[in-house]
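We have chain A; now place chain B onto it with these hints.
Protein chains: 2
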Amino acid sequence: MEPTIQTIKEAHSRIKSYIHKTPVLTCKTFDQLINAELFFKCENFQKVGAFKMRGAANAVFSLTEEEAQKGVASHSSGNHAAALALAAHHRGIKAYIVMPKNSPKIKKDAVAGYGAEIILCDSTLSAREAGLDEVVQKTGATFIHPYNDYHVIAGQGTAALELCNEVNNLDVLITPVGGGGLLSGTLIAAQSLLSDASVFAGEPFLADDAWQSVQTGNIVPPKPPITVADGLRTALGNKTFPIIKNYVQEIIRVSEEEIVSAMHLIWERMKIVIEPSAAVPFAAVLSRKELFINKRVGIILSGGNVDLLKLPWL
Amino acid sequence: MEPTIQTIKEAHSRIKSYIHKTPVLTCKTFDQLINAELFFKCENFQKVGAFKMRGAANAVFSLTEEEAQKGVASHSSGNHAAALALAAHHRGIKAYIVMPKNSPKIKKDAVAGYGAEIILCDSTLSAREAGLDEVVQKTGATFIHPYNDYHVIAGQGTAALELCNEVNNLDVLITPVGGGGLLSGTLIAAQSLLSDASVFAGEPFLADDAWQSVQTGNIVPPKPPITVADGLRTALGNKTFPIIKNYVQEIIRVSEEEIVSAMHLIWERMKIVIEPSAAVPFAAVLSRKELFINKRVGIILSGGNVDLLKLPWL
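Those sequence lines, one after another, are chains A and B.
Under numbering that gives the first Met the number 0, residue 313 is the last one in the first sequence; the count climbs by one each step, no gaps.
Under numbering that gives the first Met the number 0, residue 313 is the last one in the second sequence; the count climbs by one each step, no gaps.
With the rest of the complex left out, here is chain A (with noise of 0.2 Å):
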C-alpha cells in the first residue's frame, strides 16, 4: 500500500535507532546567492554516507521473524548495497548481495566489512538480475528494491519528516530524482508537512528519463549510463512513478558542468564532502533561482561516496 505520512512516521520510530539523525547546514553565502534561505539536510554524513541506510533500515526492520530468518537479498554494487548488508547485520540476519565481478574492491569490501555475502555475476542486468534470481530460490532470502518498495520509499520519506521537524515554515523541498525513492517519500511527507506542499527535484540532462516519463505519462527506460551523478542513472519504477507524476511540482534538469560545478561550491564554501548525484538539487536551484527567491528551501543533500581519486573536476 502506497505510504502515508503515518506509515512514514512509524518508519522513522523502527529506524531511529539504527540512522543518524543528521544535521541541518546553512550557508550565508549560499543564501545571498540566491536570495533565499537554504538548508542542507545532510544525508552525506548518513551511515554508509547516503539516505539509502534509511529505507534498507525499514525494510529489514518491517519484516516478519519468519521472513527476516531467511535474510534479504539485493543485487546492487552502490549504496543500496551496503545499506541493506549493514541493516541486515543490525537485525542479526544475513544479506546476499549479488554484484558485478568488475565491481570496485572498495565496494565489495565495504558490503562484506558489514557481514554480507558476495555473489560475483557478470556485468550485465540479466547476469545480476539471474544471479538475484538464483539466491533467492535457493535461500528463500526477501528481495528488497533498491527503490520500487514502498517500505523502502517510506524509509527515504523520514529526511524529509526530520528537516520539517527540525526547521519550520519550509517553503519547498527539492532532491535528486534516479530510480524515484527519495524524490517519492519526500513528496509523500510534503503533501502533510509543508503548507503548500510545493517538492522539486534536481535530474541530469543525460539522465532525463524521470522529466521525459512525467512528460509523456509513462516510464521511459534509463538512458546509457554516461552522467557524472552516477547514483541518478536508474529508471523510475512502478510503484515510485504515480506518487512522482501525482505530486512533484517540477523536475528541473541541469548539465553536467552545472552539477560539477555546484558540486565544487558546495566543497570549497561549506566544507563537505558529497557525491555528484547529491550537488544536482543545488545545481537546479542555482540554475532556476527565480523559482526559489525569498523561500525556505530545504535541499536533500542524499550522499557523500565518492572516489577521492577521481574528483570531476581535475
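Keep in mind that the hints were calculated from the coordinates and are not lab data.
For every residue, glycine included, the Cβ atom is placed at its ideal position computed from N, Cα and C.
Some hints here could point you the wrong way.
For each label pair, taking beta carbons as the anchor points, the in silico distance ranges come out as [what the hints assert, rightly or not]:
#, chain 1, residue 1, chain 2, residue 2, range
1, A, K15, B, N237, 49 to 55 Å
2, A, N168, B, E1, 45 to 51 Å
3, A, S16, B, I4, 36 to 42 Å
4, B, K100, A, K15, 51 to 57 Å
5, A, S16, B, P103, 44 to 50 Å
6, A, I4, B, E1, 56 to 62 Å
7, B, T3, A, K15, 41 to 47 Å
8, A, R268, B, T3, 31 to 37 Å
9, B, H19, A, L307, 54 to 60 Å
10, A, R268, B, S125, 31 to 37 Å
11, A, D170, B, N245, 52 to 58 Å
12, B, N164, A, P241, 48 to 54 Å
Same frame as chain A, but now just chain B:
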C-alpha cells in the same frame, strides 16, 4: 598580560555573535580504530574556514574606540588575513593587509571581498615587514599579529572552551602547533576545564621547531617551508612559547605520509573537507594510539581551506 580562563570566557562573550559555534562530530569507525572516544571540533566550518576568526575577532573587538578608528593591519597570505579582514568589516573599521605579489588570486579575492585594503609587496619576509611598518606608520593602524598576541591567544582558546562545554569529561585535548596561538589558548583553557589538564599537540617532522624549542628551552627558528601542512610552517613567538613550554604534555611529531593519510581518512569517513594542517593532530593520535586508549579525546580540526585542484594524495 597572559590570558586566563576568565580572559577566554570574556573573549567568548565578546566574539560570539561574530563566529559560528562550530559542531562537534564523532565517527564510530575511528573510535574503534583507536579504541577511544574522539570528539572532533570542526573549525573547518568556522567563518573564513578556520579557527583564526576567533583570535582576530577578539583582537579587533578588544581595541579602544580611538584605536579602532585607525584600523588594523597585518602581513599574511593565509587564514589570519581573511579573518582579520572580516573581523574589521564587522566592527566597521579598516583592515590593511600586506600580501606578497605572488599570493594566489583566490586568497587576494577573499581578503578584498571582506573589504580590506591590500598592499602588495615582494614575497620575502623583510619586504612584508617593511610593507607593514610603512602602512602602520602612515595610518596609525594597530598591528594584529597572527599568534604572538594575548588577545589572539585568548580568542583561539574559545574553541576549547566551547568543546569542553559541549562534551563532558574529556580526558585530553589535542591541537596542531604552528605559531602556537591555538595551542596556547587551548592549554590555558584546559588548566581549568579538564580534570587532568592534559593537552597534546601534533607537529610535522618537517616543521618540528616547536618540538625542538620545548626540548632545548629556546625558540628555534622556523624550518624551510616544505611540509604539506602549510599552516604550521611558522615559529613560536615569545608570548606563545612560555605557555607551551610550561603546560604541554607532549608534542607528537608525524611524517608527511601520516598527515596525508589522516587527512584522506577524515575526508573519506567523516565526509568533511579539512586542510592538511588540520589533519596533523589526528595523524598524531593514530601514530601514538597507546596514549589515547580508553580516553575521551577532543581533537580540534583547525581549518578547511584547501585548493581542491591540488589534493596532496593525487
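Which numbered conditions among the earlier hints are violated in the structure presented, ordered from lowest to highest? Failing hint: just 9.
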